[in-house]
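Enquirer: Whole structure, please, built from the sequences with the hints as guidance.
So you can see what is in the structure, the chains are spelled out below.
There are 4 protein chains.
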Amino acid sequence: MSTYAPTRDHRFSFGLWTVGQVGRDPFGDPTRPPLDPVESVKRLGALGAAGVSLHDNDLIPFGSSAAERDRLVARFREALAETGMRVTMATTNLFTHPIFRDGAFTSNDRDVRRFALRKTVDAIDLGAELGAPIYVFWGGREGSEVAAAKPATDAFERYKEALDFLCGYVRDQGYELRLALEPKPNEPRGDSFVATVGHALALIDRLEHPEMVGVNPEIAHETIAGLSFLHAVSLALWAGKLFHIDLNAQRGGRFDQDLRFGQEDLKEAFLLVRLLESSGYDGPLHFDAHPLRVEDEDGIWEFAAGCMRTYLILAEKARAFDADPRVAAALEAAGAGTLGLPTVEGGYSAEALRGLREETFDVDALAARGYANERLDQLVVEHLLGV
Amino acid sequence: MSTYAPTRDHRFSFGLWTVGQVGRDPFGDPTRPPLDPVESVKRLGALGAAGVSLHDNDLIPFGSSAAERDRLVARFREALAETGMRVTMATTNLFTHPIFRDGAFTSNDRDVRRFALRKTVDAIDLGAELGAPIYVFWGGREGSEVAAAKPATDAFERYKEALDFLCGYVRDQGYELRLALEPKPNEPRGDSFVATVGHALALIDRLEHPEMVGVNPEIAHETIAGLSFLHAVSLALWAGKLFHIDLNAQRGGRFDQDLRFGQEDLKEAFLLVRLLESSGYDGPLHFDAHPLRVEDEDGIWEFAAGCMRTYLILAEKARAFDADPRVAAALEAAGAGTLGLPTVEGGYSAEALRGLREETFDVDALAARGYANERLDQLVVEHLLGV
Amino acid sequence: MSTYAPTRDHRFSFGLWTVGQVGRDPFGDPTRPPLDPVESVKRLGALGAAGVSLHDNDLIPFGSSAAERDRLVARFREALAETGMRVTMATTNLFTHPIFRDGAFTSNDRDVRRFALRKTVDAIDLGAELGAPIYVFWGGREGSEVAAAKPATDAFERYKEALDFLCGYVRDQGYELRLALEPKPNEPRGDSFVATVGHALALIDRLEHPEMVGVNPEIAHETIAGLSFLHAVSLALWAGKLFHIDLNAQRGGRFDQDLRFGQEDLKEAFLLVRLLESSGYDGPLHFDAHPLRVEDEDGIWEFAAGCMRTYLILAEKARAFDADPRVAAALEAAGAGTLGLPTVEGGYSAEALRGLREETFDVDALAARGYANERLDQLVVEHLLGV
Amino acid sequence: MSTYAPTRDHRFSFGLWTVGQVGRDPFGDPTRPPLDPVESVKRLGALGAAGVSLHDNDLIPFGSSAAERDRLVARFREALAETGMRVTMATTNLFTHPIFRDGAFTSNDRDVRRFALRKTVDAIDLGAELGAPIYVFWGGREGSEVAAAKPATDAFERYKEALDFLCGYVRDQGYELRLALEPKPNEPRGDSFVATVGHALALIDRLEHPEMVGVNPEIAHETIAGLSFLHAVSLALWAGKLFHIDLNAQRGGRFDQDLRFGQEDLKEAFLLVRLLESSGYDGPLHFDAHPLRVEDEDGIWEFAAGCMRTYLILAEKARAFDADPRVAAALEAAGAGTLGLPTVEGGYSAEALRGLREETFDVDALAARGYANERLDQLVVEHLLGV
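Protein chains in written order, with my numbering: chain A, 26 to 412; chain B, 26 to 412; chain C, 26 to 412; chain D, 26 to 412.
Check each hint, because a few of them may be wrong.
Pairs count within a copy or across copies, as identical chains cannot be separated in the list.
Claimed, not checked - EDC-like, lysine to aspartate or glutamate: derived pairs with alpha carbons at most 20 Å apart: (1) LYS185 - ASP230; (2) LYS185 - ASP34; (3) LYS67 - ASP54; (4) LYS67 - GLU103; (5) LYS185 - GLU370; (6) LYS185 - ASP134.
Worth flagging that the hints you see were computed from the coordinates, not collected in a lab.
Expert: Okay, here's the thing in structure tokens:
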């Protein structure tokens, strides 16, 4: 039996802001003291994680001098070197400071937009310096509560402009950096512009360099919109755009909870792990979650260990599921395998159409066919329950 | 003062299935007798609508003979000619018959997929024969409840295949027909593949002929996912993809209600009408709603008249809003006009970046700036309330 | 190892309408032929269920003659006798027929209200004749889409009046029948009057004979409102009002799905089974779910077997969970056991207050305390996953 | 035409925490400086409000000395005296300090529960000293994310115990104070125990002194659960339990937004004002909302003025609506007035039942009847739009 002990090879990563979350919420003050990023690197490394990710201001407080910046970076790189941990992703904090209250790339104030671009350029330099292969964009403040105040067609144009500018910079610098958009339907803004994985892809497709940019889907974010995360990741994979992933949990369409991976909707978590493990996705398995506010510092590391352990348990179950002949039979009864077959070999042609028109369909028999989904789903449940 | 009386010029259209809905729901039998499509055309024409839309089976029952089909079509065209009404959109019913229980273009059964393609080809012919300029695809059954039974990456591939095939057919026939995808997050399936306007655009961008295909957003459908319909339509407009629109109302993230236009969320309805009227959109203003189940036949026509009348009232209010100097001042205080300005003139260049890096930002002043959204929104509310 | 084979002792029951659901939905025709109730009794009995429940019209079509009624009842009782199955609950269909389009007990039409009362009296007689110990009221049509049309204060008064009347009848007849209200937030009506378990209790508390009436919580219904079903059942138990329960599954706040028990939210299902098994609840374990529309008749019985089997698996896990010393330690670390202790022994008194005022609290220490919920929840997950 | 200028007679009140909200959210730092409570009293008084409400810590920081407390109270009372403003409601902050991370009355730590009781006793004294007629309980931290850690049946018992204790204290002191529970389904806790107005009533009904305790429904809170606020207030009124009300706005089932009254769902706001104005409710019209985070200080007062102005506009519309003969006709067509009539005069009796059984119902005619809700709702919309 497996011990479910994570190693560097498992590619697990945590945001510095996740274990470092101090337990503040809209109604409450912090319940835990701040964590030193160096401490986080060491503790996560000891638990078996492969790396960390960070916002610029997770490491370097807003407004730090250049000297202070360099000191903090040097100290952090030492910890990385010492532990063998990597920076798996970097991103910009464009949401905490009040300057971004109306948006960053889509603020109505052009000076704020310009400031946001410059802050991001600096943060990309930091990401590159730390060796991050992926640079994420979550547009936390890119949205509105008062729709009349912010014409959304203009907002999409400004969003594109900012991403095009930053792609230009990355190319110009020759950075080996791929960009990834992280969608979210709402919170902290009333309605976000890049609401779902679909919206992110639609924006990416309209960039000057769409090939540089993919998506970073997050379980909680699609769940807030009541959407299937499995479908979201499948769409990203189908489009060749799964550049990064944010694992956590969320209980339905309410405020953003960022719960421990596996804390809610274990079936979707299981099917997600199965999909990731079979998809060829080789990026970080990144946890964007945080310990519950009721926890003390011990709880932080229980939380982090739990995220990784549950992933490994589910991965083992996915292998067992796919090796089970009863599952193979149920998948066949459901016709799951035949969805991969072309409906019309070779696509449209006058001849193919003629074939279709001449075909005889036994409508009654096709209408009477059952798809045995109950049986298959019961097998999913029983594998999950380990019986 | 306006009389808010609709005319053909207002481009209002109703689905035959909307006024024809008999009041059946998951828990109840019909409360109204079926309506003859010819009667619907006449009554809607008399109320000032410009046209109707239809599924193939709204006019021609599933399984009708060719002779019966021709008779029904001829009779229907007579009614159109007599009333001056047009068919503004056509679509295929790929969801009512049990043959489509597991999907149409994404059924796990290849024969069902082929049957669905043939049914659609026939229905496109019908649409073309009736002069419909737009052909809509709502994938009501394209989704799943048991995710393991239907690999979503395969489903997206089959969806694309079907649309590519049908675009091929339309081109081959030389039909003047534009296609439009209608997204919906769920219902009747547990999770739909084309969940939002974003998802629809992402799929369209990956077709062989993306220029032939746009979107048909529906108020109720984006609302079910808790998303801003205004943002959805803005995204479609920004992408040049607003080919059609479905107007109705919905009360939050619950079962699909298809209420009378304006019945819920009047503010979003107002801002939507304002956007449509100023956007250059010149397609049909199409109502995909139905009378409440508590209504008798009189209620059907109250419902239809109400949809159009509310639109016209809101359009007049939108003009008044945009002509109000207090609104102009509030928009300026919010900075709404400046979001249209490029953030960096000319986009990325080393020089532009240098300029950005050398710029001095008064961070404290920018952070202290208010955006006066409360004042603007109060003006929206007061225009809406007519005070 | 258990075989998870249900027996009569497990008290499992299914509505005739659950296995009998023909697969009709708002967008689709039936996919399965109707089931003879006698067949359902036999098949369910063979699978190990203890009984069935029914609406009057599940057995006796609306408008049947007295002779036809008696024939159908006799035939049904024979099947019960033959199989040893019981009728565990009866209820009235006050939602399918168009006469109830505006409500039954709260219809704006007084004649409809009177008709609904009489139909219910007859159906209570049927329930008593069949030996049902519980009579359920789900007010499917008691609600509104147009709030102005139905003053809700009047509606609550009419609801109370109807229940008082029916309690009067049950007492008068000397029936050994307990009544149970089943709440649901919406669907088929826009907003239901008895929206949650809390609403049901508030209504019951205002009846003439509150002691005769309890609640029938349903997983899907509380989930539609985004509420914890575990809290709902706990509230009902605390109030001594858990008279019946409807087990199924639902994926978040969308249309009513009535999925197989355990199909979604396995963690809540597990904690629910644990609560029920330890609570002394000895009523039927009743499944109000239906097979997926993609199923054929075989799928019906897979579905039914799956509901029971998952319950039994979870019950075994609940026993193992409560016997695990690591769990006991985690519960202690979380302080779960001390919530049962009175906060102030003996309740309010001037003296107790003085004690409270004189007490010294180490606020910093109390504020720093962690509650170890992450560790406990991880144990829940691992018991569930069977590792 | 009205000027919609509020006066003391309109009974408008604002929480100190509402105008005083500094714009912090889960992802962002404050955007506005703190407001001195004295300043808030003066500004609100100048705008026409009649009073303010407060948490103990809105006036007196946690941990203040007795001397500091007295100084702050004296200064505050001066401002009240000077402006003629009243304290319309008082409440306890049992959610901000980390000591309450696991709950206050339902914390798993008995010492925390005792501390919470004592803090509340002190805060009740403060409320009484300031002349507040209502004391509100919002159980912000009374809930859980990890259900296994907090047995909900015990939690309900502790909740009751705390309220019984505090009722005892209020009686003992002879305070003229009525208590009101404020429900909320979630946030900041994953699931709150007192989730809806129904839950609050069910808890109140089980107290030792239910007559002392009513409810304080809040628009945003019921809306988060997708429930009709109109139904919630109607239930409270029907039960004689509407002791207080929190007016604001919320956009569907997402994070708690606390928007300006009237910012969303104007139709429900209109029907609510109509209900309140005709119900005899004479408590404060209390706004529990806050200015958008994008606002500066000017925006605070625009926000506050807007809340009151929209209420007055809607109240005028409600009067016009009820005076409109077309509305009277539509209400009659809908049968709205007849819902107030008893269904069975005198309630249950054997004779009444016999009458019911002998009555002849024209089922087909009753089933065919329409309820003209579309027409009525269109009139609601047009009154709202002012046409």
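Enquirer: With identical chains treated as interchangeable, where does the CA-CA distance between LYS185 and ASP134 reach 20 Å or less: within a copy, between copies, both, or neither?
Expert: within (17 Å within a copy, 41 Å between copies)
Enquirer: Reference check for the pair LYS185 and ASP230, CA-CA at most 20 Å: within, between, both, or neither?
Expert: Both. Shortest intra-copy (10 Å) and inter-copy (16 Å) distances satisfy the 20 Å Cα cut-off.
Enquirer: Since the copies are identical, ignore which copy is meant and state whether LYS185 and GLU370 lie within 20 Å (CA to CA) inside a copy, between copies, both or neither.
Expert: Between copies, since 14 Å is at most 20 Å while 38 Å is not.
Enquirer: If the cut is 20 Å between Cα atoms, do LYS67 and ASP54 qualify within a copy, between copies, both or neither?
Expert: neither (27 Å within a copy, 29 Å between copies)
Enquirer: At most 20 Å between CA atoms: does that hold for LYS67 and GLU103 within a copy, between copies, both, or neither?
Expert: Result: close within a single copy only, 11 Å intra versus 56 Å inter.
Enquirer: Given identical chains, is LYS185 near ASP34, meaning Cα to Cα at most 20 Å, within a copy, between copies, both, or neither?
Expert: neither (36 Å within a copy, 36 Å between copies)
In the structure shown, a violation is registered for the earlier hints numbered 2 and 3, in ascending order.
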